[in-house]
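K.L.:
Single-letter residue listing:
There are 2 protein chains.
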Amino acid sequence: MAQLMETVRNGVDTEQMYGTLDAIDAQPELGVFQFRATNHWVDGAHNRTTIQEFYGAGQVDVSRAEPFVIDAGEPAILLGKDTGANPAEYLLHALAACLTTSLVYVAAARKVRLTEVESTLTGDMDVRGALGLSKDVRNGFSNITVAFKVKGEAPEEKLREVVSRAQQRSAVFDMVTHGVPVSVEVELP
Amino acid sequence: MAQLMETVRNGVDTEQMYGTLDAIDAQPELGVFQFRATNHWVDGAHNRTTIQEFYGAGQVDVSRAEPFVIDAGEPAILLGKDTGANPAEYLLHALAACLTTSLVYVAAARKVRLTEVESTLTGDMDVRGALGLSKDVRNGFSNITVAFKVKGEAPEEKLREVVSRAQQRSAVFDMVTHGVPVSVEVELP
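Chains A and B supply the protein sequences, listed in that same order. Following our numbering, the numbering of the first sequence begins with 711 at its first residue and continues without gaps. Following our numbering, the numbering of the second sequence begins with 711 at its first residue and continues without gaps.
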């Protein structure tokens, strides 16, 4: 029982984790994933994304019984009706969530028990860019800050190392800091 | 009444839109916005973001009576319990939502009535990067594709122009394609 408890750290089954790492290391093609999302416009700034299947580990993963349904919107000052967080806020959420999960997984692998992880993110944006009012400012955030509060059963140096390593491993941190090629196609009726 | 109907197009109040554009154009400092998100780790791959206030148009906007609460997770194969879409999927949602809202706003400004907007996004990722198994592959998506289906009361050429303009104006499209500087700070107990 003590051994069984030991394999789960920070809510992560480390035996399963090492098994997954070994399997993908042995068969690199299992590492090929494709995530998918479908979005429907509802009205005005209100639109809704549905996420369920993805491809990974050599097959379409249909293990999710129900889709995740995510509503986006804009506040009144940006001409919406607050039907959901706005897209830029969802980008902050994606970044926070990815850094946090990376941190938790890295800590689990390094035998660090975490007791608390909190992060506050801010993104500065001059909306004249996206509104087409100025060519001198970009559309997106000029910069993002992430402030982490981390508590765990490890020396300060070890905790800093885990946060640093999480940044190096995070998929969304990589995408948000380095960018991704995006191709857009349009089908008309 | 006919006139009143006319000001709302695609669910966007175009009179309010022009008023907002004029106000920010006249007083550029009103365009300074800051979006904010706070994330708490729950357990394993489960973490939760709360989004409510933001700064914009010269003040902290407290018009949202309730926060948006957004749960993230990972599927079983990535060591989670499907407590929410995963962070990379949320990035696809942020991109889809922003392109769609930009498209709807641009169409409203250009007097194009839309009847349907749907987009399907895919993001390809070799998870060996994020799992630390290979230095030859990046952590994030190698590429993202966005396939739009757009219907509206306008010639095909006009609809294509609106989609193209939406890409040029979208905040998240800018961020995902070009990247954003991100600074991470850590506070330890």
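Hints listed in this document are in silico derivations from the structure and should not be mistaken for laboratory results. Honestly, I wouldn't trust all of these hints.
Heads up, the list lumps identical chains together, so a pair's fine if it works in one copy or across two of them.
Unchecked claim - Derived BS3-like pairs: lysine-lysine, alpha-carbon spacing no greater than 30 Å straight-line: (1) Lys-868 - Lys-821; (2) Lys-845 - Lys-868; (3) Lys-791 - Lys-821.
Being a predicted model, the structure only gives us computed values, none of them experimental.
K.L.:
None of the hints should be skipped; say for each whether it holds.
P.N.:
Quick rundown of the hints versus the structure:
no.: 1; hint: Lys-868 - Lys-821; in the structure: within (10 Å within a copy, 58 Å between copies)
no.: 2; hint: Lys-845 - Lys-868; in the structure: between (45 Å within a copy, 23 Å between copies)
no.: 3; hint: Lys-791 - Lys-821; in the structure: between (46 Å within a copy, 21 Å between copies)
Figure legend: structure checked against the earlier numbered hints; every hint is met.
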